[in-house]
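*Asks:* Sequence order for the protein chains is A and B.
Under UniProt numbering, the letters of the first sequence match residues 1 to 404, in that order.
Under UniProt numbering, the letters of the second sequence match residues 1 to 404, in that order.
Possibly wrong hints are sitting among the right ones.
[To be verified] Within a straight-line C-alpha distance of at most 25 Å, the following computed DSS-like cross-link-like pairs (lysine-lysine) qualify:
{"no.": "1", "chain 1": "A", "residue 1": "K337", "chain 2": "B", "residue 2": "K398"}
{"no.": "2", "chain 1": "B", "residue 1": "K16", "chain 2": "B", "residue 2": "K65"}
{"no.": "3", "chain 1": "B", "residue 1": "K131", "chain 2": "A", "residue 2": "K276"}
{"no.": "4", "chain 1": "B", "residue 1": "K379", "chain 2": "B", "residue 2": "K16"}
{"no.": "5", "chain 1": "A", "residue 1": "K276", "chain 2": "A", "residue 2": "K239"}
{"no.": "6", "chain 1": "B", "residue 1": "K131", "chain 2": "A", "residue 2": "K170"}
Bear in mind the hints are in silico, worked out from the structure with no lab data behind them.
Protein chains: 2
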Amino acid sequence: MLSVQEAFQLILETVKPASPEQRTLFEAWHCVLAEGTVSDLNIPPFDKALMDGFAVKSSDCQNGKATLQIQEIIYAGSVPTISLQSGQTSQIMTGAPLPEGADAVVQIEHCQIDDAARSVKIDTGPVSPGKNMLPQSSVLEAGAPVLAAGTLLRPQEIGALAETGSPTVKVRRAPTVAILATGDELVAPEESPEPGQIRNSNEVMLHAQILQTDAKPQPLGIARDERNHLRSKIQEGLKSDFLLLSGGVSAGERDLVPSELEQAGVKQVFHMVNLKPGKPLWFGILERSDGDPCYIFGLPGNPVSSMVCFELFVRTAIRQFMGFPSPRPQVQQARLKNDYHTSGNRPTYQPARLEWEAGESTVSPLITMGSADLNSTVKANAVALFPTGNQHYQAGLKVDVFLW
Amino acid sequence: MLSVQEAFQLILETVKPASPEQRTLFEAWHCVLAEGTVSDLNIPPFDKALMDGFAVKSSDCQNGKATLQIQEIIYAGSVPTISLQSGQTSQIMTGAPLPEGADAVVQIEHCQIDDAARSVKIDTGPVSPGKNMLPQSSVLEAGAPVLAAGTLLRPQEIGALAETGSPTVKVRRAPTVAILATGDELVAPEESPEPGQIRNSNEVMLHAQILQTDAKPQPLGIARDERNHLRSKIQEGLKSDFLLLSGGVSAGERDLVPSELEQAGVKQVFHMVNLKPGKPLWFGILERSDGDPCYIFGLPGNPVSSMVCFELFVRTAIRQFMGFPSPRPQVQQARLKNDYHTSGNRPTYQPARLEWEAGESTVSPLITMGSADLNSTVKANAVALFPTGNQHYQAGLKVDVFLW
C-alpha cells in the first residue's frame, strides 16, 4: 500500500499549478506570487522626517541646545524650497522631505517657538546626524528585488508591493471545489434521521475546510447509492477544478464511486493509503477538452477520516494548485503530555491538542471513540503522528504534529 | 499616557458585540456561537459498524475462528430485519446499524464467503465485545450539550453541529470596516510619486489585514489635508461599523483628523498610547440614530506603526464585535535568538521572526530602519514585546511574542 509520503509525491506530480493571472492588490491577499517584483523607486524616495518637529543641521545642536531661525514650514507631500545654512531650521511634519543642508529632526516636544522672532529654542539631548529621519534609498534602491516568486502575500507584502510600484501582480487563483456526499444512509442536517440514517455532516465540514484554504466551495448535496443519480451528480462536479466525493470508496458492496468515476473518464492515480484513519482515500484526474484538468478525491465517509484526509492530502493539492512552494503540511515537534499507546499496522494520525507554555509546545492525543467520533475533534487543534506498530510512548517524548 | 493594557480595557468597554443572527452552517464558518447548542439525538443513534465485514456475536468468535450462517446484508441507511442467534451472522457495511444480538464486527479482509452454503469462514484474532463498532449514544446522549456559547466555529465544530441537529445557529456577524487614508503626500499605488510624495501603501495593507479578520473592508481612497474633502469622506466612512483613518493623528499642524471627527459628533475615547511604534493612536465612538454605533480608529500614517496598531487594537475591537470570548492578542513566550537592546521611555513592539525548532520556539527581533520601513516587516511573522527603558536582553532569555 502507498505510504503517506508516496501519496504526497503523486499528488504533487499530478496537480499542475493554475496559470498566473494579473490581479490588483485588493484581490491578491493570501495568493502566491507567480513572478518576482522589483522596486521602481528608491525607498524612501527622499530624506524623510520620522517625527513632527524641526529639521536641523546636527552640527548646530551637538550638545542639544540651540536657538535657530525658522525658514519655512514643510508639510508632508510638499517640497522644501530653502536650503539650510548654519543657524537656520525649518519646521517639518512627519513624512515630509528634509530640506537641503539638514541631516536630523528634533521632535516638536523639545522645541519652543518664538513667533515674533521667527526663531525656535531647542532643548534636548545631543543630536547626531540621521536622528529622527530616514535617508533616501536606505530601505531599498530603485531596481532592487522586493519579493521573490513563490511568496505568500500577507498584509505586509501587499503594503510593500504598493509602495514599490506593483499595483497589480501575477498570482495563481484558488480553485473551485465541488463537494458531493454519497450514501443512502445520509439525510440533510435539517432533517430528522429515520432508523439507520445519519445526518450529512461532512458536506458542511468540507465546505468550511475549503473556505479555510481560500478555495471556493460548491456543495452539490447528497448522491444516492444508485448509478444514474450518482452519475449525473459526478458530471456536475467534474466541471469544477476539484471534486471531493465523501463516502463510497471503501470495500463495501455499494461503493460505486470508483467505477462511476472510471466510466466518466477519470484516471485513477491511487486508491488506499497506509494511514489510520483514512486508508480508503482515492485520488484521480480527468483531462478535459478545455485543457484544465479536474482533480478528484474520494474521501472516506467517516467524519474524522474525512477531516484528516482533507487536511493532509486535499489541502496539499489545493496549495500546489495555488502555487505554494511548500504545499505539504508543515510538521513541527512537541512533547507528549501524557503516555500514549498505539497499535496496528498503519501509522496513526491522531486528533490532538497542541499547547504552548513558556516557549515549549506540548501535545495531548485525544481519546476518541473511533473515526466516526466527530465530537472528540472539537477539542483538537492539531494531529499527532505515530509510526506503525504496537508502541508505548512515554510522556515527555518529542513527536511530530501538524496544526489543523 | 494610557498603557497598552488600559487601551485594551477601554476598547473592550466601548465596543458592543453585534446582535446575534441566525445563519446556516454554510455561512457560519469562523463565526462565534452566541448561544450554546444541545444534541437532539443520540450519537451514534444506533450501534454502528465501523468497518465493512460481518456482524457477529463475539461469544461465537472468542478464539477468532468460526463458521457462521449468513442471514442478510445490511447496507448503510437500511435497517436490519433479523436478530442474530448463536452461529449466525449478517454481512454489514461501514456506517450500517448492527442487527439485534450482534456486539462486534469482523473485517471483511478476515472473512471467506461460501456462497453455496450461505456461510462465512472467519479467521482472525480474538474478537472482544464492541470490536469495530460504536455503541449507541457512546459519543453523546440526546439532550447533552454539544458546544458552548463563545465557541469559534471551525470545520469540526460545524460538522458536529450538523450531526447533532443544529442546521442553523445563532452567531454574531463580522463588521464592515471603512478605510480612509489621509495626507497630501499620498498618491495611489498605480501613480508615480512626484518629489515629496509617497504611494498609499496603508490602504491595501489595511484591506488585507481586515480580510484576515474575516471582516468586510470598504476602501474609500485618499482624503486630502483639506477640511471639506476630509469631512465628506469621513461622513461616508461613518456609515460602516468601523472607520479606520490612516494618518493625520500625530502632533503635526495639518493633522485635522481629531477635530473633524469631533465636528462629526464622534466622541473621543482616547488619544495617544504608551507604545513604540504607534503612540499617536486615536480611538472614538459615534452613537448613531439607528442604535448601532460606529467605532473609529485614527491610525498612525507610518506603515509599521499602522500595522502594529491594527494587530493590537483594531483586531481586538473586531474580535469583541464578533463575540470572541478572549478578544485580546494571544501572547506566547519564546527564547531570544540573539542579544537585543532597547531604549526609550515606551514599551517596544518589535516586528520579529518566530520559529519553531524541535518543540521550542525562538524569536529574532528584526532590524528595521524605523516605523516607515515596511520592507523589514516582510520578514516578520510576529511581534516581540520589550518593556520600557534602556535594557540589554541576552540571547536565550524568554520574551513575550504574539503572532501577526
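*Asks:* Does each hint hold? Answer for all of them.
*Replies:* Hint-by-hint comparison with the structure:
no.	hint	result
1	A:K337 / B:K398	holds, 21 Å
2	B:K16 / B:K65	violated, 66 Å
3	B:K131 / A:K276	holds, 16 Å
4	B:K379 / B:K16	violated, 35 Å
5	A:K276 / A:K239	violated, 31 Å
6	B:K131 / A:K170	violated, 54 Å
Hints 2, 4, 5 and 6 from the earlier list are contradicted by this structure; the remaining hints agree with it.
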